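> Here is what each chain is made of, one letter per residue.
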Amino acid sequence: MARKVKITILKDGSVKADFIGFGGTDCLDEADRLASSLARFGLRAVATSVERKTLAQIEAETGPEDTGREPVPARRE
Amino acid sequence: MSVITSYRTRIKLSPQKNVEGRVDPTWLLMEEAVEVTAQELGGRVTGHIVDAFGRQVRCPFALVTPDFPRGVGVKVGPDGDVTFIYDHYDQEGRGYRRIAAETAERIVQNYTALAVAKALADMDYSVEVEETRQEDTRTRAVVVRGTL
Chain S
1 MARKVKITIL KDGSVKADFI GFGGTDCLDE ADRLASSLAR FGLRAVATSV
51 ERKTLAQIEA ETGPEDTGRE PVPARRE
Chain U
1 MSVITSYRTR IKLSPQKNVE GRVDPTWLLM EEAVEVTAQE LGGRVTGHIV
51 DAFGRQVRCP FALVTPDFPR GVGVKVGPDG DVTFIYDHYD QEGRGYRRIA
101 AETAERIVQN YTALAVAKAL ADMDYSVEVE ETRQEDTRTR AVVVRGTL
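Sequences listed follow chains S and U, in order.
With the first letter of the first sequence counted as 1, position 70 gets the number 70 in our numbering; the numbers rise by one all the way through.
With the first letter of the second sequence counted as 1, position 102 gets the number 102 in our numbering; the numbers rise by one all the way through.
Simulated from the structure, these hints should not be mistaken for lab results.
On a predicted model such as this, the values are computed, not experimentally measured, just so you know.
This list has only true hints and no planted wrong ones.
Pairs of lysine-lysine residues, derived as DSBU-like cross-links and limited to a Cα-Cα distance of at most 35 Å, are as follows:
{"no.": "1", "chain 1": "S", "residue 1": "Lys6", "chain 2": "S", "residue 2": "Lys16"}
{"no.": "2", "chain 1": "S", "residue 1": "Lys6", "chain 2": "U", "residue 2": "Lys75"}
{"no.": "3", "chain 1": "U", "residue 1": "Lys12", "chain 2": "S", "residue 2": "Lys4"}
For each label pair, taking beta carbons as the anchor points, the in silico distance ranges come out as:
{"no.": "4", "chain 1": "U", "residue 1": "Met123", "chain 2": "S", "residue 2": "Glu51", "range": "20 to 26 Å"}
{"no.": "5", "chain 1": "S", "residue 1": "Gln57", "chain 2": "U", "residue 2": "Gly54", "range": "54 to 60 Å"}
{"no.": "6", "chain 1": "U", "residue 1": "Asp79", "chain 2": "S", "residue 2": "Glu51", "range": "29 to 35 Å"}
{"no.": "7", "chain 1": "S", "residue 1": "Val50", "chain 2": "U", "residue 2": "Thr83", "range": "28 to 34 Å"}
{"no.": "8", "chain 1": "U", "residue 1": "Gly42", "chain 2": "S", "residue 2": "Gly23", "range": "43 to 49 Å"}
Heads up, the beta-carbon is just placed ideally off N, CA and C, and yes, glycines get one too.
Same shape as in the complex, but just chain U (with noise of 0.2 Å):
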């Protein structure tokens, strides 16, 4: 029997960021997921954003890009879940609320396509990695293959 399973994901990292003196994994894999998306807008990783006051608001992880310079911040609450803070506040038609949302979902799917793709290496995978666009929408997707 083969079968083709859909799964709705949660992004849950340790609580701690520090464990035993080290950086914990999923601490690193978020660095790299901020990282990673910073390269594919044109951005930078910071560890601020700023509102629309321009009052600096601090975070673990956060993107600055040229489309939304206030940037999208990355918070983990004490049980290790994931929120997106930012300010879209816009009244000048720039499509802030947009672009943010949109960059934090490029955060969200680039740190699902890392841990997808070290999961199976750590299954004994070898793995590759391309990116595409889904047929009926033709929004980005991530498509990781791991043979055996």
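Here chain S stands alone, though its shape is the one from the complex (with noise of 0.2 Å):
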């Protein structure tokens, strides 16, 4: 799956970044990236909050985690 990054500006200028498809501790190496990214480029920024996303956020961005078991049909006698 393609990593993405999803940035919102809000009307006061405070900022919110959603890292989508990031393995472990990637999204926050990412987001240390960004941070110094936009330093260079006059925006200095502080981040307020981390906010772990939910199993079922991550399942609805990558689809659900592979078992790697075969389904077992249902039988009804």
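Take the two lone chains, each set in its own frame, and fit them into one complex as the hints suggest.
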């Protein structure tokens, strides 16, 4: 799955960054890279909250996790 | 793990407009933000504002709009901090205080959106920008999407 970032800039200039498709702590590293890159363009960004996504939110983005098991067909006698 | 991170932001330009004989990118970005805002509001970019008595005050960038002809100016302090200057004195109920504040906010929002788009492009993302409305407040928001 492609890695994506959706950044919403609100009326007061505050920013909400949604990191999609990053595994492990990669999204935290990417958030640091983003803050450094923004500073080069004259924007100091201070994180005010970090919200972990729920499993349901992650599954909605990436699809359900593959367990590697074959589905068992339901059968009625 | 995937996260949603919220940031408080502050614009800080290079203290000097010209660095090594070239205009600093942060100043170019502010110029672009003021021009974009002027287009959106049907205004124009100048180098000064006027006060309630018609006196001119020079500033690096200023935006004059039909709704606020005195103009909103952008000043850059010696440390690169940005402040907005305007005279909203108004005894005729023209809403100058609100209009000037909203114009300044819009410049900040556009600067931030431009900076985010350029920062992501610099990180090798392909970038798309769209304007939208927040679901709860219906206020303007700018969404920048980056794909690696």
